[in-house]
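Going by this note's numbering, 726 is the number at position 81 of the first sequence; the sequence numbering is gapless.
Among these hints, one or two may not hold up.
Claimed, not checked - Pairwise CB distance ranges, derived in the manner of DEER restraints:
1. THR888 to GLU862: 33 to 41 Å
2. ALA1155 to ALA883: 58 to 66 Å
3. ARG958 to ASP1007: 20 to 28 Å
4. GLN712 to ARG958: 39 to 47 Å
5. PRO869 to ARG827: 24 to 32 Å
Don't read these hints as lab results, they were simulated from the structure. We treat Cβ as the ideally placed atom computed from N, Cα and C, and that holds for glycine.
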Amino acid sequence: MRWSNLFVPTLRDAPGDAEAVSHKLLVRGGFMRQLHAGHYSMLPLGWKVHEKVAKIVRDEMNLIGGQEFLLPAMHPKSLWEASGRWATMGDEMFRLEDRSGAEVGLGMTHEEVFAQIATEVNSYKSLPQIWYQIQWKFRDEPRPKAGLLRVREFAMKDSYSLDVDAAGLDASFDKHHEAYLRIFEKLDLDAMPVEASSGAMGGAGSIEFMVASPAGEDDVVRCPSCDYRANVERATSALDPVTDDAPPAEPEKFATPGIRTIKALEEAGAPAASQMKSMIMVLDGNITVAVVRGDHQLNMQKLQDETGAIDIRPATPEETIEHLGAAPGSLGAVGVRNDITVLVDTALEGRTNMTTGANEDDWHYRGVDIARDVNVERYVDLREVQAGEACPKCSSAMEIVRSIEAGHIFKLGTRYAEAMNAFVLDADGEKRTIVMGSYGIGIGRNMATIAETHNDDNGLVWPVSVAPFEVCITVMKVNDERTLAASNDLYDQLRAAGIDALIDDRDARAGVKFADCELIGIPYRVTVGPRGFDNGVVELTDRKTMETEEVAIDAIAETVITKIEAAR
RNA sequence: CGGGGAGUGGCCUAGUCUGGCUAAGGCGCCUGUUUUGGGAACAGGAGAUCGGGAGUUCGAAUCUCCCCUCCCCGACCA
646 MRWSNLFVPT LRDAPGDAEA VSHKLLVRGG FMRQLHAGHY SMLPLGWKVH
696 EKVAKIVRDE MNLIGGQEFL LPAMHPKSLW EASGRWATMG DEMFRLEDRS
746 GAEVGLGMTH EEVFAQIATE VNSYKSLPQI WYQIQWKFRD EPRPKAGLLR
796 VREFAMKDSY SLDVDAAGLD ASFDKHHEAY LRIFEKLDLD AMPVEASSGA
846 MGGAGSIEFM VASPAGEDDV VRCPSCDYRA NVERATSALD PVTDDAPPAE
896 PEKFATPGIR TIKALEEAGA PAASQMKSMI MVLDGNITVA VVRGDHQLNM
946 QKLQDETGAI DIRPATPEET IEHLGAAPGS LGAVGVRNDI TVLVDTALEG
996 RTNMTTGANE DDWHYRGVDI ARDVNVERYV DLREVQAGEA CPKCSSAMEI
1046 VRSIEAGHIF KLGTRYAEAM NAFVLDADGE KRTIVMGSYG IGIGRNMATI
1096 AETHNDDNGL VWPVSVAPFE VCITVMKVND ERTLAASNDL YDQLRAAGID
1146 ALIDDRDARA GVKFADCELI GIPYRVTVGP RGFDNGVVEL TDRKTMETEE
1196 VAIDAIAETV ITKIEAAR
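From just these sequences and the hints, can you work out the full model?
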């Protein structure tokens, strides 16, 4: 490609509303422009990178036996009603009506459609299958943000495995796991596989691939000594055992005027670790009391996963007063109405002599024995791990790293196949519901994640694998016939060798050309100018190290080809 | 949806509090001259319903009301 013919509107200043590094650089570098919140136009350079990322993903999917499909982006309501997700997806699904008044939705994911196609798989002999597509997804995100990192319209590679049983699913899942690791390696992303919450997908288990970055939206708990890694939505830690003094025969109510917080109560003599923090939540309309230790934090996702609730929110102060009889600050699980579910964090199991609110403003109980005094429905893991807590596997102090979710794989099980009635007959002629997995990787998000982790003061630093061009030939003086001819010759040689080369043949000053080339992040630059030409050399600059070496003119093509082929 | 911030030529900003000539500057763009290995200099030029609407006023980018949009922090996800 000749730069003089290329549409690359680079900007000296980033748009004022861009915050994330990748957002700023992708706009400044002329890769994309925002149309409106969560929707970006891909410009030629951006689309090239996007397609290179997609190709890497596609190649790896094909390598594990994936077959590429292309499904519609617009789906009938009935399909989503069959799985029950028309209702549960809520506002995140874009919904519209066609001219006849029929309701349709824009696909946020394609389990339903693939499961319906899977009804045409009839024999166990046809399994396993891996089906995939790279298709646009639409999600009415409550808050699109950080440029391409979180948008409402994006290309996703989604694949689905079909197996006859759980062991088959495990094998398909592992294949994807391996393929994903290879994809991230090719994208030069340091992705950690972590245990994750399955969220709206449901299913038996899931693994997220997380890339550490301050632009991320998830927190990953990571052990520095062993391989334990988990999303805070799932992570656990080993707590020091606590020994409690023997409690009194029954809880003692005591006056606590003005005391509303754990901290204030601690100052009044009750250690936070001996307090019960009672959070009043509304799960699908039902009042639930979630109890964690005073010095612990409730993780809402854990509560949701444990209960299977769809809609979950803290109770309003009015609801709290209506159902518990007191305002926040004096709440507790002791003696609540029978119809109120009490879920208690596992860290509180067996604890006694605790202090908690008495559900009467300005009064608390002490000497509470949880098993004796609280009508516990279940002990469940509700606590969010904090940095520094001990690893559940090896007891080392763990850290929490902000991360971008670059990919997510799920063991779905039979939920969707059952809903769509997708089954096969096994060797004994028995009906077997197809066991499914689903596997997602966002193309644009991965592109942005690379940008987020590959840049310096001069701009982007793409890995060769996804760079918009692999090398740029910078012609210093386009009106100097000798060097221009030599540059064109090099360009032809590189292209003939299959190198994705760009020749900067613009009649512009050196500084402008260098700055643009660095901003858009081309891995290698060959600078051809009269100065070196008279000595028989050109310059080769590595974008990553910014080191320049002189190379003989007759050796430059081979040198570049060798370097790029090694880096691909 | 709750909280915070912001909309001024293609991009970045000043001006708004304290209303007052033709809305200012930089980048970019066009023409010319001189330049030419790190975002050149000079001269000339094009480009703006100051987010939209209503109102107050002799007079509104500036004040009032309504609406729209965008960004950031929280509850969701690739």
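Which numbered hints does this structure break?
none
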